[in-house]
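Now for the letters of each chain:
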Amino acid sequence: MRVRTIAEKRGGWTRREVLFGPLGGFLASSGFSFLEGCTKPKESADVHISKLATYESDIASVVFAGFKELGVNESEIRGKRILLKPNLVEPHLGAGHINTHPLVIRGAAEAFLRAGASKVLVAEGPGHSRDSLLMLEESGLGDVLREDRISFVDLNYVAGYTVGNAGRRTRLRALILPVTLRDVDWVVSVAKMKTHHWAGVTLSMKNLFGVMPGIYYGWPKNVFHWEGIDKSILDIHETLKPHFAIVDGVVGMEGDGPIMGTPKQAGVIVMGRNLPAVDATCARIMGIDPHKVSYLAAASERLGPIREPHIRQRGEPIVSVRTDFSLVEKIDAHRGLR
Amino acid sequence: MMDRSTLVSSCREALRGRALEGGGFPMFPGEAYRPDATAWAVVALASTKSGGRDRGAVESGRSRLAGSQLEDGRVSVTPSTPESYWPTSLAILAWHGSEKHAEQRSRAINFLLRTWGKHWVKTENSPLAHDTSIQGWSWTQDTHSWVEPTSLAILALRISGPGDHVRVREGVRLLRDRQLPAGGWNYGNTLVYGKELYPQPDCTGLALSALVGCVPRSEVEKSLKCLASQVTRVRTPLSLGWGILGLGAWGQKPGQTTAWVGECMDRQAKHGAYDTTLVSLLLLSLNAGVGIGSFFE
Numbered sequence: 519m520r521v522r523t524i525a526e527k528r529g530g531w532t533r534r535e536v537l538f539g540p541l542g543g544f545l546a547s548s549g550f551s552f553l554e555g556c557t558k559p560k561e562s563a564d565v566h567i568s569k570l571a572t573y574e575s576d577i578a579s580v581v582f583a584g585f586k587e588l589g590v591n592e593s594e595i596r597g598k599r600i601l602l603k604p605n606l607v608e609p610h611l612g613a614g615h616i617n618t619h620p621l622v623i624r625g626a627a628e629a630f631l632r633a634g635a636s637k638v639l640v641a642e643g644p645g646h647s648r649d650s651l652l653m654l655e656e657s658g659l660g661d662v663l664r665e666d667r668i669s670f671v672d673l674n675y676v677a678g679y680t681v682g683n684a685g686r687r688t689r690l691r692a693l694i695l696p697v698t699l700r701d702v703d704w705v706v707s708v709a710k711m712k713t714h715h716w717a718g719v720t721l722s723m724k725n726l727f728g729v730m731p732g733i734y735y736g737w738p739k740n741v742f743h744w745e746g747i748d749k750s751i752l753d754i755h756e757t758l759k760p761h762f763a764i765v766d767g768v769v770g771m772e773g774d775g776p777i778m779g780t781p782k783q784a785g786v787i788v789m790g791r792n793l794p795a796v797d798a799t800c801a802r803i804m805g806i807d808p809h810k811v812s813y814l815a816a817a818s819e820r821l822g823p824i825r826e827p828h829i830r831q832r833g834e835p836i837v838s839v840r841t842d843f844s845l846v847e848k849i850d851a852h853r854g855l856r
Numbered sequence: 176m177m178d179r180s181t182l183v184s185s186c187r188e189a190l191r192g193r194a195l196e197g198g199g200f201p202m203f204p205g206e207a208y209r210p211d212a213t214a215w216a217v218v219a220l221a222s223t224k225s226g227g228r229d230r231g232a233v234e235s236g237r238s239r240l241a242g243s244q245l246e247d248g249r250v251s252v253t254p255s256t257p258e259s260y261w262p263t264s265l266a267i268l269a270w271h272g273s274e275k276h277a278e279q280r281s282r283a284i285n286f287l288l289r290t291w292g293k294h295w296v297k298t299e300n301s302p303l304a305h306d307t308s309i310q311g312w313s314w315t316q317d318t319h320s321w322v323e324p325t326s327l328a329i330l331a332l333r334i335s336g337p338g339d340h341v342r343v344r345e346g347v348r349l350l351r352d353r354q355l356p357a358g359g360w361n362y363g364n365t366l367v368y369g370k371e372l373y374p375q376p377d378c379t380g381l382a383l384s385a386l387v388g389c390v391p392r393s394e395v396e397k398s399l400k401c402l403a404s405q406v407t408r409v410r411t412p413l414s415l416g417w418g419i420l421g422l423g424a425w426g427q428k429p430g431q432t433t434a435w436v437g438e439c440m441d442r443q444a445k446h447g448a449y450d451t452t453l454v455s456l457l458l459l460s461l462n463a464g465v466g467i468g469s470f471f472e
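Residue numbers (the numbering used here), protein chains in the order written: chain A, 519 to 856; chain B, 176 to 472.
The set of hints was computed from the structure by calculation and includes no laboratory data.
Predicted model, so just to flag it, every value in this text is computed and none were measured.
The C-beta atom is built at its ideal place from N, Cα and C for all residues, glycine as well.
One thing to keep in mind: the hints can contain errors.
[Said to hold, decoys possible] With a straight-line cut-off of 25 Å between C-alpha atoms, the simulated SDA-like cross-links for lysine to any residue are:
1) B:297 to A:571
2) B:400 to A:690
3) B:293 to A:841
4) A:637 to A:596
5) A:848 to B:367
6) B:293 to A:683
7) A:810 to B:470
8) B:293 to A:746
9) B:445 to A:599
10) B:397 to B:348
11) B:297 to A:744
12) B:224 to B:470
13) A:810 to A:769
[Claimed, not checked] Going by beta-carbon spacing under 8 Å, a handful of chain A positions derived as facing chain B:
14) 585
15) 588
16) 846
[Stated by the list, open to error] Here are some chain B residues the structure puts well away from chain A; computed CB gaps all over 12 Å:
17) 188
18) 192
19) 195
20) 197
21) 247
22) 253
23) 334
24) 367
25) 397
26) 472
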């Protein structure tokens, strides 16, 4: 891990920035609803691919350069409060390919701060574990956040507020979102590139399951399994309207993901504003046809483009980074994905 | 290193300081009342058997919980989300021994007895290894039964209700079925597509707490060994707390409990103050002689 932390580089921190911990209640409410910042579905979208051989690279500069390529202006980010949502599923020492790498979180945080964000926090509600502190310790993310003085919010235990289900693909009339979301301007899905034994792949869209508080939806968030994982992914996305996605594909997971698969070096960071387009690009990098991933195919109807001609590929071309992730024939959700 | 009584005092002070004026406890100071936090704080403060100083917070906490009980006996995370009824088991434990709340406790017990998760007979080609037909308890309405809510319901019913009820026996059967072949428990899946999943110390400690006295030791030996190994290195309150309680229930309370809880408390310097449920769990793990059941005897 790089030794120099964000805090050192910025040359000091405010009292609020020094606070670290499950701080569901400390963010002051501004009255701004992040839901207002949503954009309408677009017929085309830009997605940026960066090659990254190891996590020791300068990830912040890679992400920052990606912003420029994607037309993310500093004026859009300046003064904004950014919530980074990593993918933390289960705590297991030495199984780094399960979770978003801590140095990707650090790089993303630093890039947003460099672009003028007033605040970056990391928030997650792990799906399989109630012990989020253990997740932080065993994944190494806790040390990184402490060094960089970035707050962590355990979304599983945060009080919720009810909003109408904007997607209505499931039977759920409303969704309960964590109040933390009321106090941020941008929600950024910082996902892991993995295969998934129920959904086919888990990328920036599926990662949003972790936003939904466990106190209302359980561990695992079984309400959404019963409503249909694919439909729930779409409903959550359409209701949350996330602003940006960064997918950690430096080392992803192939085979029986999202937990029991094996590490797969893809050597990429993929990012963009439109999550279906980002995930479709990731799928192509993994050697998977996004049209055959049910929720991506459905997302293309109204959430964003997944057809190749409708995605403007920035940075590296897909063909230069494609590396087929192994699939498991006996897993229903994997069959026919190529 | 802090001694045991200093740690106990520190946890008690932290909890007492969070008691809300109108009764009950929040997760963190300055936040609103939460039934789960309240139930745990009541159980933990009552466990000190200190009488006077904690009695007020305990009694007003119990009454606040009673105020948030719904008509059918459930206690949910909020009144507006009745489907998230998992705190009901915690409320039963909090009301245990309180004559004043016997009626509420009885209604909550009846709610648990007529509530179960979704169950079905597994198809032959199911990717799941566990027996999906066994009835236990779920976190929320209309979902499958999982290890933690089933363990909490078994504890609540065995401690404060009809411990020999058929639902308890069925819950015990569920926990036996969900034990991982290599030992330990996680949230509740054992093998998926033929791959055995990983154990988690908090789930293992909770399941072991619920099963003591219901199954022979030989049946959980591998899980005890797995947990004893895991608690030597975990220092987060949920995993450590349930780890100590689970081992203690089977007469294996670690000799280093005080030192480990001290280390865990020290980590608040890096994680921030622990929430009320976690402080309560640490206090219980310090006070427990032989597991969580000993507080209710």
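Results for each hint:
no. : hint           : in the structure
1   : B:297 to A:571 : 44 Å, violated
2   : B:400 to A:690 : 43 Å, violated
3   : B:293 to A:841 : 40 Å, violated
4   : A:637 to A:596 : 10 Å, holds
5   : A:848 to B:367 : 11 Å, holds
6   : B:293 to A:683 : 24 Å, holds
7   : A:810 to B:470 : 56 Å, violated
8   : B:293 to A:746 : 15 Å, holds
9   : B:445 to A:599 : 23 Å, holds
10  : B:397 to B:348 : 17 Å, holds
11  : B:297 to A:744 : 15 Å, holds
12  : B:224 to B:470 : 9 Å, holds
13  : A:810 to A:769 : 23 Å, holds
14  : 585            : 31 Å, violated
15  : 588            : 34 Å, violated
16  : 846            : 7 Å, holds
17  : 188            : 19 Å, holds
18  : 192            : 16 Å, holds
19  : 195            : 14 Å, holds
20  : 197            : 17 Å, holds
21  : 247            : 19 Å, holds
22  : 253            : 8 Å, violated
23  : 334            : 21 Å, holds
24  : 367            : 6 Å, violated
25  : 397            : 19 Å, holds
26  : 472            : 27 Å, holds
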